[in-house]
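Kindly generate the complete structure, drawing on both the sequences and the hints.
The sequence shown begins at 43 in the working numbering and counts up by one.
Mixed in with the good hints, there may be bad ones.
[What the hints assert, rightly or not] Listed next, with one range per pair, are the computed distances between beta-carbon atoms: (1) Arg-359 - Ala-330: 48 to 56 Å; (2) Ala-391 - Ala-263: 37 to 45 Å; (3) Val-213 - Arg-359: 44 to 52 Å; (4) Ala-57 - Ser-419: 22 to 30 Å; (5) Pro-75 - Arg-195: 38 to 46 Å; (6) Pro-216 - Ser-44: 43 to 51 Å; (7) Val-213 - Gly-331: 25 to 33 Å; (8) Gln-215 - Asp-343: 54 to 62 Å; (9) Glu-199 - Glu-340: 40 to 48 Å; (10) Ala-254 - Ala-188: 28 to 36 Å.
The hints are simulated quantities; they were obtained by calculation from the structure and are not laboratory data. Ideal placement from N, C-alpha and C gives every residue a C-beta, glycine not left out.
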Amino acid sequence: MSTPLIIAAHGTRDAEGEAVCKALTERVGRMLPGIDVSVGFVELSSPGIPRALADAVKRTGSRSAVVVPLMLGTGGHVRVDIPEFIQEALDEVPHASVRYARHLGPDPRLVQVVRDRMAAAMGDWQPADTTLVFLGRGALVPEANADHVRLARMHYEEGGWRDVEHCFIQVTQPSLPEGLDRAYANGARKILLLGHWLFPGVLRNWTHQQSAAWAERHLDAEVRVAEVIGDCDELAQVVIERYHEMLPEESGEGSPAYPVGLLLRDRDVVVVGGGCVASRRVPALVEAGARVKVIAPEVTDRVAGLAETGALEWVRRDYADGDLAGAWYVMAATTDPEVNARVGAEAEANHTFCVRADDGFAGSAWTPATLDLDGVSIAVLGNRDPKRTKAIRQAIFTAPTVREAIFGG
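Below you can see the structure in the form of structure tokens.
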């Protein structure tokens, strides 16, 4: 029996915005044939999340469901409201097990869609002559606002803009007019305004109204407004990935990964990141005879020790495009999801298998939990539940019949 997917969206009084959200739900349904996909809203639109969730469980007869928050940031709706709505639904369907997925966040696919929207609005302007005003919704959760500022900085670092100003449409400061004022005070006369929203609605309307009013007072400046993300394959793909991340392992189906042993001796392996994950994984790669290159400004003492002995090469800088050339196997193990995503994208383009330490489903390979006994290596591959995988490995290690088979009884 398949597990239904309930998309938890914000809701809007704007008919177009609601229609686009429901169109996305239909798109996800087409991309997940055989899966019951529905949408529930936090407010303003119907059905509400509790009703949508309870109805999906009853309609499918499933004992489990997955709720994916259709939210770019981790504000109060993600942290408080949607979990409360899930609990409300469980009062009606107490037999169900509901798994709550992570929010969308700055997924590289969505970042690229935003860049496409910017390019379409820019027209004949060049980024080097243009200031980007990056507008967020604003939240009572400081972390959500900080994530928006961080994403604005990323666009500055990677977009080649003259400058980037961040601001918010509500709740917190600086406001949209203040963001435009800052850009103008710094000499901007070509301003691209991007409201970081998913769908049309009141926020987009406010964005156009406030920016038009500001432009009327600053006739020597021009403001062009980029479109929202909208109903697109990239957004649907992120929702589907969040859904798959939460699926339980089905009895008898095993891991979705194909088990294989890699012979890496005298073959190039690149590890991006030098922290605790690299510290655990790199020694095994060295032991396998791989030519290991670690790219990181700083590494753990264990990795540094291996570099000092010549067992691996340590490149003391941040990752740069092209660093994976010639690699047979790659590990993206930094603490920055954006960097890991860039590493994964380059590896994918090179047809090189890549382990994403931060997001297994975004990579093309998984690292199993391994057990070495008397010349035999046993690897356990699960469905991205590390605690369960390690528990199974330990059970294998202690099972008398396994030890007898290896060592002889």
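Hint check:
1. Take Arg-359 and Ala-330: their Cβ atoms lie about 25 Å apart, and the range 48 to 56 Å is violated.
2. At about 39 Å, the beta-carbon gap between Ala-391 and Ala-263 stays in the expected band of 37 to 45 Å.
3. Judged by the Cβ atoms, the range 44 to 52 Å given for Val-213 and Arg-359 is violated: they are separated by roughly 39 Å.
4. Checked against the hint of 22 to 30 Å, the pair Ala-57 and Ser-419 fails, with Cβ atoms roughly 60 Å apart.
5. The supplied range of 38 to 46 Å is met by Pro-75 and Arg-195, whose beta-carbon atoms lie about 40 Å from each other.
6. In this structure, Pro-216 and Ser-44 meet the distance hint of 43 to 51 Å, their C-beta atoms being roughly 46 Å apart.
7. Judged by the Cβ atoms, the range 25 to 33 Å given for Val-213 and Gly-331 is violated: they are separated by roughly 56 Å.
8. Here the CB-CB span from Gln-215 to Asp-343 is close to 43 Å, at odds with the stated 54 to 62 Å.
9. Taking 40 to 48 Å as the suggested C-beta distance range, the pair Glu-199 and Glu-340 does not conform, at roughly 20 Å.
10. Taking the beta carbon of each, Ala-254 and Ala-188 are about 29 Å apart, inside 28 to 36 Å as hinted.
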